[in-house]
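Fit chain B to the given chain A structure using the hints.
Each chain is listed here by its residues.
2 protein chains.
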Amino acid sequence: MSIDSAIGRLSEKLGRQVSTSMAIRMEHGQNESYFRVTPPDAVVRPKSTEDVARVVRICADEGCPVIARGVGTSLEGHALAIRGGISLDMAGMDTVLGINPDDMDVIVQPGVTREQLNTELRATGLFFPIDPGANATLGGMASTRASGTTAVRYGTMKDNVLALEVVMGDGRIIRTGNRARKSSAGYDLTALFVGSEGTLGIITELTLKLHGQPESISSAVCAFDDVDSCVRTVIATIQLGVPIARIELADTAMVRALNAWDRDMDLPEKPHLFMEFHGTPGAIAEQEATVADLVSSFGGSAFEWATTAEDRSALWRARHNAYFAAKAMRPGCRVVTTDVCVPISRLAEAISETAAEIEASPIDGPIVGHVGDGNFHAALLIDPESQDELAVAKELAGKMNHRALRLGGTITGEHGIGVGKIPFMAEEHGDAWAIMADLKRAIDPGDVMNPGKIVKIN
Amino acid sequence: MSIDSAIGRLSEKLGRQVSTSMAIRMEHGQNESYFRVTPPDAVVRPKSTEDVARVVRICADEGCPVIARGVGTSLEGHALAIRGGISLDMAGMDTVLGINPDDMDVIVQPGVTREQLNTELRATGLFFPIDPGANATLGGMASTRASGTTAVRYGTMKDNVLALEVVMGDGRIIRTGNRARKSSAGYDLTALFVGSEGTLGIITELTLKLHGQPESISSAVCAFDDVDSCVRTVIATIQLGVPIARIELADTAMVRALNAWDRDMDLPEKPHLFMEFHGTPGAIAEQEATVADLVSSFGGSAFEWATTAEDRSALWRARHNAYFAAKAMRPGCRVVTTDVCVPISRLAEAISETAAEIEASPIDGPIVGHVGDGNFHAALLIDPESQDELAVAKELAGKMNHRALRLGGTITGEHGIGVGKIPFMAEEHGDAWAIMADLKRAIDPGDVMNPGKIVKIN
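These protein sequence lines map, in sequence, to chains A and B. Number 1206 in this note's numbering belongs to position 436 of the first sequence; there are no gaps in the numbering. Number 1038 in this note's numbering belongs to position 268 of the second sequence; there are no gaps in the numbering.
Be careful, since some hints might not be right.
If several chains are the same, the list does not tell them apart, and a pair holds so long as it fits within one copy or across any two.
[Unchecked claim] Listed next, the in silico SDA-like pairs over lysine to any residue satisfying Cα-Cα at most 25 angstroms (straight line): (1) Lys1226 / Arg1211; (2) Lys979 / Arg1002; (3) Lys1040 / Ala1118; (4) Lys979 / Arg1176; (5) Lys1226 / Pro1215; (6) Lys979 / Pro1013; (7) Lys817 / Gln800; (8) Lys979 / Gly925; (9) Lys817 / Ile869; (10) Lys979 / Ala830; (11) Lys979 / Gly895; (12) Lys979 / Trp1203; (13) Lys979 / Glu1197; (14) Lys979 / Gly1200; (15) Lys979 / Arg1173; (16) Lys979 / Glu1119; (17) Lys1169 / Arg945; (18) Lys979 / Ala1118.
Treat the hints as calculated values from the structure; they're not laboratory data. Since we're looking at a predicted model, the values are computed, not measured.
Excised from the complex, chain A in its bound form:
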C-alpha cells in the first residue's frame, strides 16, 4: 500500500493517461498565488466518469491522495498535492453534454470553462452568469463555491448548481439532486459538495441553472471622494431593491494600477464604482435614474457611460484584470490575496481600517471589492524572495480575517480555504469545524480525497 504502488497500478489500467514526467508534475504543482511549487507524484488525465472512479478506487486501496484540478486559477493552493499523490487533471473532461432551453438548464462535464459554456450557449438566448473574472472550469468553480462580479444579482455557484454527479472516495458514483428547480427530498448533498474543494468526492458532471441573456446591458463608472461614499451608495442601491447586475469598487491604489495596466484607461485617481445594468431598455432606464440620484446624493461624479459593446467589454476587461494590473505594479512580485466578506453595514469600516493598515506597512495592496455582497480583496504585493515581506503580508491578511470575523463576516467570500485559510477555520467556526471533520471522516475515512484541505482529520 503506497503511492508508488498506486502509480504502478494506474499506469497499467490507464496507460498514457498517466504521466510522471517532471515537467508535467511541475506544471501541476504551480499555483497562481504565493504557495511554493508542490509537484504531485503523478498526473492522471481521465476521459470519463468511469476513469475517475477507476483512479479513485486504486488510490483508496493504496492510501494514495487524489486531488482534482481544473485549469489552476485557484488563489489558495486548493489543488496542491501537499501530501503527495495524484493530480487528477479534469480539464480534458470538457464536453457540454446537454442544453435544455425550455428548462433553462445545462449539463456539463467539470472541465468546461465558463467562457466555453457561454460561447456554446450564445445562440440559445441563455447564459451562465457567474463570473469570477478568470476563465475557470465549472468544476473548479463549484468546488470553491466561486462567485465574482455578478453575484449581487445572480448569486454564487451555491445558487446556480442544481445537481452533481460525484465519484465518492470508495469509487461509488452518485447523483445529488435532479433537474427540478427545488426539492425537499432529504439532505442537500448538492450544497454539501459545492464548496467542498474535492475533499468529499470528485465532481464529474454538473447540472447548472441558466438565465436569459438580458435584452439590454449598460455599464457606467463614477468616481467618489472616498471609499465610504462609494459604500453608502451601494448600500442604498441594494436597499432600494435595484436589481443591479454588477457593482464593483476599486480604491485609489487600484485605479492607479488599472490606469497603468490598460493604455485606454485614464480614470481620475479616486475610488470608483464600476456598475452594470441588465434588463429591458425601460427597466434599465429606471434603474440608471435611481442609481444616478444616489450617486449624486453621496457626492459621486456624473456617470461615465460605456454604451457600446466594445466600451463595455474594455471596462470589464480592465476590472477583471485588476489582479494582473496590481501584480504589474511591482514587476516580478507575487500576490498574497485576501477575500473577506462582511455585513454590508460594516463594509466601509472594514475597508478603511484595512487600507490604513496597508498604508502603514512597507508593502502595497490595492483593493477591489464586490461591494454589493460586502466582499473585498486586497492584493498584497510581495517580493517572492523576501521572507520578511511574506510575514508582513500574512500579518496584514490575518488582521483582515480577524476583523471580518469580529464584524460578523467570513474569512473568505469566494476563494475558499485551500492551504492558505486553514489556520483561521477554528476561529471562524468554533465547534462547527469539528462537525465538518466528522462529515469528512464519515465520507472519506481513508482521507484520500484532497487531504489536508478544509479540515484536518489526521
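Same frame as chain A, now just chain B:
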C-alpha cells in the same frame, strides 16, 4: 437507560416545562394530514437554547428520541414521535432577536411564525417573502426546506437562511455561517441543516435574509381552456425573465372548490393562473404588459385585476385556503397531499397524466401548482375510515412520484420526507441515500434526533 428515565430526569431539571398529560401528548401526536395520531411520551417546552441543550444531553444519555415541533403545519408527519420519546415544542421560543435594516437580515428564534415576523418588520420597509400558505414557524420552515407561492421570485428557505444556531445530538451548540451574504469557508453546514427535519440537530436560532417591501404590488387572475395552455404561458413568462412574484395554477376541480369555499369567489369553471407582480409602478406595468401578451397568445382570458389591497388579499386568501377548500368538498375527509416537482418542460405532461389518473379513480383530487417552479400538489380526498380509499390515494400518489422521477424531477418540491415519503427515497437518490445515512450516523450516532425520518440507520 430508557425513555421513562429520561422523562424523570427532564422533570427534575425543567419542572413544569415537562408535561406527560394525555391531553397535551395527544395534541402533539396530531398531524395535519392522514397519519394516525401518534402521541409522544412527554412534551417539553424549552425557553432557551440552553434548555434545548439540556434536554438533548439527557435524551442522548438515555437513548430517548427527541423530536422538535413548531406549530404542526407539517403535511408529511415530520414531527410525529414514531418511536416514542420527547416532543420538543419550540413554539414558545418566539422572539425576534434583532433586525438589521442596513444589512437586510434578521435573527429570530425558531418558534417565530412568518406572519409574526412580517408584522414586526412592517415599519422597516423590509419583509420576509417565503410564503408556504400556512402560518408556519420559521424553524419548521427551515427544517422542511419550505417554499410556497413566492419561490419563483424569492427562492426557498434554502436561499433565504444565512446562518443557524443548532443544538447537536450530544448537546454541543454550534453556529453555522454568519451574517456575510456569501462565504466559501468550508462545508455549507447551513444548507445541510436546512431540510434535515430535525434529524441532525435542533435549530435554536435563524439568521434570515430580508427583502425590500415592493413599492407596488398588483395581482391578476385569468382563465384558460386547458392546463397545457396555462403551463405554456408560465414557461414563456419565466424564459422572458419576467421577475413575476407569484404564478399559481388551479385546475378546474380546484376552481370549483374555491368557488364553493369562498362566497366572494365566482370564477369560471376552467383552469386558472393567479399572478402577482412586485416592483416599481413602471416595472410592474412593463411586466404586466409582457404577461398579458403571453396570456392572450396562449388563449387565456383577459386579466381580471385585483387592484385594491382588499381584493388582493381576498384573492391570495382564497389561494392559500386551497387545502381547506379542497378538504371542504368532502366533509369529514382527510387529505393525502402530494408534492411533486419536475422540470418545467415536463410539467404539462405531469399534470395532465395525474389529472387523468385521478379522474379514472373513485376519489377526488383537485390540483394546485407553484407552476413557475414546476411544483404541483393534488389533494387526494379520502374517507378517514376507509382503508380502500387510503390504498387508492397511496397508489395515485405513488404513480405521481414515479412519474416525477422518470421526468427528471423530485418526489417533494417543498413538503419534505417526514413519514410519508421514506418509501420513495431509494428510488429518488440511489446510492446517495446511503451517503445521507452515513452523514446521519456521523452526526447522530445514537439516532436520537427525530429517528426514522429521511434515513433509516437502524
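Here is what the structure says about each hint:
1. For the homomeric pair Lys1226 and Arg1211, the shortest alpha-carbon distances inside one copy (10 angstroms) and between copies (20 angstroms) are both at most 25 angstroms.
2. In the homo-oligomer, the alpha carbons of Lys979 and Arg1002 lie at most 25 angstroms apart only across protomers (20 angstroms), although the nearest pairing inside one protomer, at 32 angstroms, exceeds that limit.
3. In this homomeric assembly, Lys1040 and Ala1118 come within 25 angstroms of each other (Cα to Cα) only inside a single copy, at 15 angstroms, whereas the closest approach across copies is 55 angstroms.
4. Proximity of Lys979 to Arg1176 under the C-alpha cut-off of 25 angstroms is restricted to the inter-copy arrangement: shortest distance 20 angstroms between copies versus 34 angstroms within a copy.
5. In this homomeric assembly, Lys1226 and Pro1215 come within 25 angstroms of each other (Cα to Cα) both inside a single copy, at 12 angstroms, and across copies, at 21 angstroms.
6. Proximity of Lys979 and Pro1013 under a CA criterion of 25 angstroms is satisfied in both settings, with 18 angstroms inside one chain copy and 16 angstroms between copies.
7. Taking CA atoms no more than 25 angstroms apart as the test, Lys817 paired with Gln800 passes inside one copy only; the shortest distance there is 23 angstroms, against 54 angstroms between copies.
8. Taking identical chains as interchangeable, the C-alpha atoms of Lys979 and Gly925 lie at most 25 angstroms apart whether they share a chain (11 angstroms) or sit on different chains (13 angstroms).
9. For the homomeric pair Lys817 and Ile869, the shortest alpha-carbon distance inside one copy (21 angstroms) is at most 25 angstroms, but the shortest distance between copies (51 angstroms) is not.
10. Taking identical chains as interchangeable, the C-alpha atoms of Lys979 and Ala830 are never at most 25 angstroms apart, the minima being 33 angstroms within one chain and 41 angstroms between chains.
11. In this assembly of identical chains, the alpha carbons of Lys979 and Gly895 lie at most 25 angstroms apart only when taken from the same copy (14 angstroms versus 31 angstroms across copies).
12. Taking the shortest Cα distances, Lys979 and Trp1203 sit within 25 angstroms of each other only across copies (24 angstroms), while inside one copy they are farther apart (30 angstroms).
13. With identical chains, the CA atoms of Lys979 and Glu1197 are at most 25 angstroms apart between copies only, with a shortest distance of 24 angstroms across copies and 34 angstroms within one.
14. Taking CA atoms no more than 25 angstroms apart as the test, Lys979 paired with Gly1200 passes between copies only; the shortest distance there is 23 angstroms, against 33 angstroms inside one copy.
15. Within a single copy, Lys979 and Arg1173 get their C-alpha atoms only as close as 35 angstroms, which misses the 25 angstroms cut-off; across copies the closest is 22 angstroms, which meets it.
16. For the identical chains of this complex, Lys979 and Glu1119 are inter-copy neighbours only, at 22 angstroms across copies versus 35 angstroms inside a copy, given an alpha-carbon limit of 25 angstroms.
17. Within a single copy, Lys1169 and Arg945 get their C-alpha atoms only as close as 40 angstroms, which misses the 25 angstroms cut-off; across copies the closest is 22 angstroms, which meets it.
18. Within a single copy, Lys979 and Ala1118 get their C-alpha atoms only as close as 33 angstroms, which misses the 25 angstroms cut-off; across copies the closest is 21 angstroms, which meets it.
When each numbered hint is compared with the structure, a violation occurs for hint 10 only.
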